[in-house]
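Q: Residue numbers (this note's numbering), protein chains in the order written: chain R, 1 to 113; chain A, 1001 to 1111.
A portion of the hints provided could be inaccurate.
Unchecked claim - Listed next, the in silico EDC-like pairs over lysine to aspartate or glutamate satisfying Cα-Cα at most 16 Å (straight line): (1) R/Lys36 - R/Glu58; (2) R/Lys44 - A/Glu1069; (3) R/Lys9 - A/Glu1042; (4) R/Lys40 - A/Asp1002; (5) R/Lys71 - R/Glu53.
What the hints assert, rightly or not - Quick look at which bits of chain R chain A covers, simulated, 3 or more residues with Cβ under 8 Å: (6) 38 to 46; (7) 62 to 76; (8) 100 to 113.
Simulated from the structure, these hints should not be mistaken for lab results. Yeah, the Cβ is synthetic: ideal placement off N, Cα and C, and Gly gets one too.
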Amino acid sequence: DTAVSQTPKYLVTQMGNDKSIKCEQNLGHDTMYWYKQDSKKFLKIMFSYNNKELIINETVPNRFSPKSPDKAHLNLHINSLELGDSAVYFCASSLGTSGGAGYFGPGTRLTVL
Amino acid sequence: GDSVTQMEGPVTLSEEAFLTINCTYTATGYPSLFWYVQYPGEGLQLLLKATKADDKGSNKGFEATYRKETTSFHLEKGSVQVSDSAVYFCALSNQGGKLIFGQGTELSVKP
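The following block holds chain R by itself, in its conformation from the complex:
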């Protein structure tokens, strides 16, 4: 059983398009995150939700909009995609907010042409 799953695994699209990435966790965790890993493998947090409430919103362009329909799901919608959005996006989850993210998804590699 996959603990944190993401779809799709690969996403190739044109500049200006809108796309979504979905994330689901079956661990019973109450906190979920989106991280971005750039081409140099540097990882940076984008958003965090605790019990469906947004608690971390880093300086991310408002073209990125997360949505948490329930505690087990955190989706990421990106409008008007730009070349610089090309990266690997990781979803993660944890129980509570004091211990970092224990479980990461396999990642979604987004390529914007």
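Following the hints, put chain A in place on chain R, whose structure we already have.
A: Leaving out everything else, chain A in the frame of chain R:
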């Protein structure tokens, strides 16, 4: 702001060699410290963690000790294997569960 600095990679070792990957941090308060490993084409896996000064995290032969006096959390393993080849990330968490990562250190172990 809070930050994490790791030694530059890539690190290339022969099988059964001793591994040290240095990690230092800057943070307010008392952060928790983590090591994550990323195997090629995969997501991150939590390798070990320590939540207070002098705690030692350990897993799969890897160890790291939370040193507040030197603000360090160096990763060590006594005898590496080819299967340990991966990218290793040091990270800290201070509030809200947010992880701040170092730049990652690529390890390559040759038979």
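Q: Compare the structure with the hints numbered earlier in the document and write down the numbers of the violated ones, lowest to highest.
A: 2, 4 and 7
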